[in-house]
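If you count the sequence shown from 1, you need to add 160 to reach the numbering used here.
Simulated from the structure, these hints should not be mistaken for laboratory data.
A couple of the hints might just be wrong.
Stated by the list, open to error - Quick list of the computed label-pair ranges, beta carbon to beta carbon:
1. E568 <-> A354: 38 to 46 Å
2. R516 <-> Q269: 32 to 40 Å
3. E581 <-> A601: 28 to 36 Å
4. L461 <-> R542: 34 to 42 Å
5. T500 <-> E374: 26 to 34 Å
6. G557 <-> L505: 20 to 28 Å
7. P479 <-> N385: 53 to 61 Å
8. T247 <-> L461: 30 to 38 Å
9. I248 <-> R516: 53 to 61 Å
Stated by the list, open to error - With a Cα cut of at most 30 Å, we get these calculated DSS-like pairs of lysine-lysine:
10. K583 <-> K512
11. K331 <-> K342
12. K297 <-> K368
13. K525 <-> K539
14. K562 <-> K455
15. K342 <-> K452
16. K583 <-> K396
17. K297 <-> K331
18. K512 <-> K562
19. K331 <-> K268
20. K539 <-> K455
21. K583 <-> K562
22. K452 <-> K583
23. K455 <-> K523
24. K455 <-> K368
25. K525 <-> K396
26. K583 <-> K525
27. K297 <-> K342
28. K452 <-> K297
29. K396 <-> K452
30. K396 <-> K268
31. K455 <-> K396
32. K396 <-> K368
33. K560 <-> K455
Yeah, the Cβ is synthetic: ideal placement off N, Cα and C, and Gly gets one too.
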Amino acid sequence: MAASRSGITDTRPVIAKKLSSHFQIPLAASSADGIEDIDQEFMATVGPPRPMSFKESTPNLTPAQTRPKDPLSPCQFGDTCISTQLTIPQQQWRLQSSVLARHSVWFKQFIEQQMDDSNKTIENYTFVIMETDGRVKLVSQDRSLSASTASSAREDASLKVENEVETAAYKASVNVCDHLFKAFDGFPPAVSNADIRSTTTEAEQLAKMAQDLEYLDLISSHIGNTLLQHRQALYKAILADPPRYLLLSLALENDFIYTESLIHMIGAYPCWPWPTPRSSLPTSTTALVTQKSRKLDHEVLLTERELLLLTILTSCGTPFSSEISSPFDTWFVAQLFRDTITSVLRSHDPSKPSLRRGSLFRKLKRGGSAYMAFEDVWKMVRRVMPSAVEELDENLGILKDKASEVVEALARNELSLDVEENKVGWLTCAEIRRDDILWRADGLREC
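Please model the entire structure based on the sequences and the hints provided.
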């Protein structure tokens, strides 16, 4: 490139060379002056430009038709047409059957069936999103089928519409379909993240439809990540209804949501203080909850026994007792401690013991003034047995330290949720191993 007198590099020769190569016009000169020759030959080849009005360039088109489509917009091209009249305006998607068959077992089976039935390659496929018996359904229809045959076509993929204004429900269901169809073109579903309630609702709808179309793997990670972005809001939502989120985690194969939900259900079993019915869970999941809960019950029984046998040992390693030569004051404090634990255990509702025992064991683990505060015990002991006051602080401290060790395993919190802040009453110490996660145990996925 040549430098001009002003010191600025002259790029015109380079541009001239590129124009010459592109339009196959001989380069007249290597200097910047050759550009004028190229301009003249270019005009002779393509003609001089002329001003063109908008109407001239796009005759007989409405303003909406003249808007260029976004080249990155999905679902515009393909041999598979999906349409619906449930919304105003009507909506239509065009997708490639090869892409649909690659990602969706539902579409693959339908396409293979149509090819087998016709014994030839089918150029176009047609599907309709329609409402039947309160459900929004994706119905497959071959153009060569009659209306009666088409009505009996496969209608597996559906979303139930209930308890909503009909129009709004249709729009929401069609939006779910829109997100799923765009996912085939590589666009992740736009799940609302306004709040955990709306995110959960949309996630359930997407998971249900994707399960019916048998291509949930394509979007499950994105939906799971959207839910996890809510953090504390998600943890609290799981606390309010663990079975609901367990069902969602089974569909998405999400380890975290599955584990968090399962811990709640194991700790509260056999109680069921949640709106989602127990019958909605798979039999295998219910069996797992029952099995782990029974194991937890056995650990609770052993721990309670140890608590009721707690005592203080003498220098010889024997427990203080009222029947042998030992300080009666120390034995009295130990007996007072055991009686207090017994009273707390008896105060639990016998029909729902699992809903409160977690709080008790976590309180015993904290020790200190979390229970049997020194000032309260001191006032009572001074009134009943003044001689025991002198060593009360030491003796009470020994008993609380031992109790903390005894309940350590049961007081453990395996949740991401702060159980004390959110007043979770049941145990949250259940350990969920890899073989407890259905899709991990079966080897369906790698970590």
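* Asked: Checked against the structure, which of the hints given earlier come out wrong?
  -> 2, 5, 8, 15, 20, 24, 28, 30
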